[in-house]
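Chains B and A, in that order, give the protein sequences.
Just so it is clear: in the first sequence, position 47 is 47 by the numbering used here, and no numbers are missing.
Just so it is clear: in the second sequence, position 73 is 73 by the numbering used here, and no numbers are missing.
If you are wondering where the hints come from, they were derived from the structure by calculation, not from laboratory data.
A hint or two may mislead.
Here chain A is said to cover these stretches of chain B; the calculated rule only asks that three of the stretch's residues, wherever they fall, bring their Cβ under 8 Å from a Cβ of chain A [as the list claims (entries may be wrong)]:
id, region
1, 31-43
2, 47-56
3, 109-115
Glycine residues also receive a C-beta, built at the ideal position from the N, C-alpha and C atoms.
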Amino acid sequence: GAGVSQSPSNKVTEKGKDVELRCDPISGHTALYWYRQSLGQGLEFLIYFQGNSAPDKSGLPSDRFSAERTGGSVSTLTIQRTQQEDSAVYLCASSLARFRTSSSYEQYFGPGTRLTVT
Amino acid sequence: AQSVSQHNHHVILSEAASLELGCNYSYGGTVNLFWYVQYPGQHLQLLLKYFSGDPLVKGIKGFEAEFIKSKFSFNLRKPSVQWSDTAEYFCAVNGGAAGNKLTFGGGTRVLVKP
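Just chain B, with the same shape it has in the complex (with noise of 0.2 Å):
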């Protein structure tokens, strides 16, 4: 079956816009992260969905970052005011996490998206 996507691959992008990030779950997992990976940082948690219950937000650098997801599908990270340490590599994971088992809390790993702040 397909496994997470995400869109673009990759964006380049001006020290000020806004970019959004895309993330496709793998379909029927309610659970949704997002993740940076950076030469500084490492890998990083940013946010957390879980079914309908509110997000774990705690993650987020700054409030230049929101992230939502529509319909307990798809989501959108957002990045306002892009800076030049925002570059990075986004990373999007999904999981089962419906039952009480070890395999439903496997996280699946999207491709990222390699954001690029000139």
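Based on the hints, put chain A in the right spot on chain B.
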């Protein structure tokens, strides 16, 4: 807060050599432990995981890891590496108060020379 440390940033070895990558985590409660691999140009893939039970877990491609609770460690091993094992390896943890979000180590780049 949880934290994960990987001891080696870069490892270079020859084919057929044995590989061991160290991973230590800080959280003392109940945790789930993972090793992910990222092959060149590919996305993160799960190698193996530990949730409970037998502390020696076996994953794909001949990898295994041992959970030692007393040492807060989850080291990854492979007895005989192949050139195709060239990749970056990430240890990760979740569980407890942190919930399902993953905390990753800094990663170890492994280069296997043919």
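Exercise for the section: Determine which of the earlier numbered hints do not hold for this structure and return their numbers in increasing order. Expected result: Hints that this structure does not satisfy do not exist here, as all of them hold.
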